[in-house]
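Protein chains: 2
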Amino acid sequence: MADCAFDVAGIGNAIVDVLAHADDAELQALGLEKGVMTLIDAERAEAIYARMGPGIECSGGSAANSMAGIAALGGKAAYIGKVRADQLGQVFRHDLAAQGVVFETEAAADGAPTARCLILVTPDAQRTMQTYLGACVALGPADIDPLIVANAQVTYLEGYLWDPPQAKAAFLAAARIAHDAGRKVALSLSDPFCVGRHREEFLELLSHHVDILFANEAEITALYQCDFDSAVRQVRAHCDIAALTRGARGSLVVEGGHVWVQGAETVTQVVDTTGAGDLYAAGFLYGLTQGRSLGVCARLGGLCAAEILSHVGARPEANLAELVAQTTLLTV
Amino acid sequence: MADCAFDVAGIGNAIVDVLAHADDAELQALGLEKGVMTLIDAERAEAIYARMGPGIECSGGSAANSMAGIAALGGKAAYIGKVRADQLGQVFRHDLAAQGVVFETEAAADGAPTARCLILVTPDAQRTMQTYLGACVALGPADIDPLIVANAQVTYLEGYLWDPPQAKAAFLAAARIAHDAGRKVALSLSDPFCVGRHREEFLELLSHHVDILFANEAEITALYQCDFDSAVRQVRAHCDIAALTRGARGSLVVEGGHVWVQGAETVTQVVDTTGAGDLYAAGFLYGLTQGRSLGVCARLGGLCAAEILSHVGARPEANLAELVAQTTLLTV
Chain A
5 MADCAFDVAG IGNAIVDVLA HADDAELQAL GLEKGVMTLI DAERAEAIYA RMGPGIECSG
65 GSAANSMAGI AALGGKAAYI GKVRADQLGQ VFRHDLAAQG VVFETEAAAD GAPTARCLIL
125 VTPDAQRTMQ TYLGACVALG PADIDPLIVA NAQVTYLEGY LWDPPQAKAA FLAAARIAHD
185 AGRKVALSLS DPFCVGRHRE EFLELLSHHV DILFANEAEI TALYQCDFDS AVRQVRAHCD
245 IAALTRGARG SLVVEGGHVW VQGAETVTQV VDTTGAGDLY AAGFLYGLTQ GRSLGVCARL
305 GGLCAAEILS HVGARPEANL AELVAQTTLL TV
Chain B
5 MADCAFDVAG IGNAIVDVLA HADDAELQAL GLEKGVMTLI DAERAEAIYA RMGPGIECSG
65 GSAANSMAGI AALGGKAAYI GKVRADQLGQ VFRHDLAAQG VVFETEAAAD GAPTARCLIL
125 VTPDAQRTMQ TYLGACVALG PADIDPLIVA NAQVTYLEGY LWDPPQAKAA FLAAARIAHD
185 AGRKVALSLS DPFCVGRHRE EFLELLSHHV DILFANEAEI TALYQCDFDS AVRQVRAHCD
245 IAALTRGARG SLVVEGGHVW VQGAETVTQV VDTTGAGDLY AAGFLYGLTQ GRSLGVCARL
305 GGLCAAEILS HVGARPEANL AELVAQTTLL TV
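Note that the protein sequences, when read in sequence, are chains A and B. Position one of the first sequence corresponds to residue 5 (the numbering used here), numbered consecutively onward. Position one of the second sequence corresponds to residue 5 (the numbering used here), numbered consecutively onward.
Mixed in with the good hints, there may be bad ones.
[As the list claims (entries may be wrong)] Here's a subset of chain A near chain B, in silico, CB distances under 10 Å, partners left out:
id, residue
1, CYS8
2, ALA9
3, ALA72
4, ASP90
5, LEU92
6, ALA101
Hints in this document: simulated from the structure, not taken from any laboratory. Here a beta-carbon is modelled for each residue, glycine too, at the ideal position from N, C-alpha and C.
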């Protein structure tokens, strides 16, 4: 691809994560379904937070996690998303900037506070997420900086953007700018329930606006409403590249008639699955924008996902560039 | 001691910690001295934060960490401290409540924001702390709830309270209420530089207002300006009980002519020393208020300190009560 100011521009819901440990009984008492992301309003967020254990706060947001990962790998990443001008908004902005991600979307001066995601991590390392979208609902087409999108090799959009109503228009505006500039558009399906909420629109998006798709097994089968193998067959026709993750079974990359199968990296102890999909996308897109083969992209994705599984939180703790340098992935 | 509503009431600076990894070169570039706590103003806090890596936020504050530890052990703890009515203030309040600590001090409706401590954790697990006191400067005698202090077996005060000017008066008011009700007063010296700032006043406090002293080696030698052995001899005359911690060498408890020496617990990997002294005090005071011998108190202190050394952050992650139950400490 052409020389660009940015490797990837990510657009998503700008969210601060609040993580606390919980057991299955606590999930049940709160009426929460394990492993999924549920949208909640301010009142429900208050009620759940009041019953959650002591937490730690760290910046999150699916596409933002991916951009942090790309920057940690040494890539050039930009982010577009909406926070409120409040303390958590400052935290979110600081953490992206400190990672080297360009984030210049103006904060909302009033309205709902910065979004937060209440994440209950169970002893089996599953995360159950309750998202209060807050200021994210204010993201609109005017926030899409055409200079950033047109100058990024890939514009990466999270499926969660389909939840706040105005963000859809922002999403489509970004896809149009990217394609007009000859760039690629990538989409993550985000969550099987997100797919459930927007299935028809996602199928339409895939057919007309998306070049590269990221999905896990639950998401792709929810999209095509069939088993995994049938979904793999169908997705070929809908986008150029599909990177499909399967948890401990690794990932599978589909491009036209070709399929790459990649086993998962070994993880000594899976502590928290929050952000694993986001970091897979980071590694994959970093490889892709460095002109690497799809097999190498899949391995980079798996490597980054493994790092995030080994600790609490969805932003990398280890130096990802060093981690990759310890392999021979980018030296061959 | 008499049956009380609370085992311990802690009074301190209510602070949210912002932790980030850093290396020695970064500390040098910021002009920071490793391992100590420095007070900074809002402007300096902005400047350091802007140069810090991505962080995680979690509730901190020395005495608050200790109260969280006591509650996690199954003790009855209360806390008095001042946050602002802002997002970080809500986080601080939530985290104490979620741990079962009673915290009813009214938040400041205006003025400076909730205090934060910018903590740089180096690969040697040392923490270098920059504290912006923010709303803590608003803590005054009117915030001392006499019902709480009079009904706590021990009132625990952090030396850091001597930094914000009004808090001294609050400190002395609390000590008076506690003693009038026949309760004990404990003090932590907090930090050698804190001792340096307030040495004469701390000596005066010790002679007249403090029954139980917590200090590490650097703090107690800074107080008496002599070597450790001489400091141990001098402290006998100044308070009933002194619990002196010595890092990897364990701790030493002095009561009149008696001395208990306790080796440190084994810690597989020291990740972050933030809060080790606070959790030692938690374990010790929990034992003391359960009527345990000073030797057992020292071991409980060491056990809790070891837990906090094994992870990032200054509040317990493990179930401390279970950890203690796995020993025979409280069953004999």
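Do the hints match the structure? See the list:
no.: 1; hint: CYS8; in the structure: violated (24 Å)
no.: 2; hint: ALA9; in the structure: violated (22 Å)
no.: 3; hint: ALA72; in the structure: holds (7 Å)
no.: 4; hint: ASP90; in the structure: holds (6 Å)
no.: 5; hint: LEU92; in the structure: holds (5 Å)
no.: 6; hint: ALA101; in the structure: holds (8 Å)
Checked against the numbered hints given earlier, the structure breaks hints 1, 2 and satisfies all the rest.
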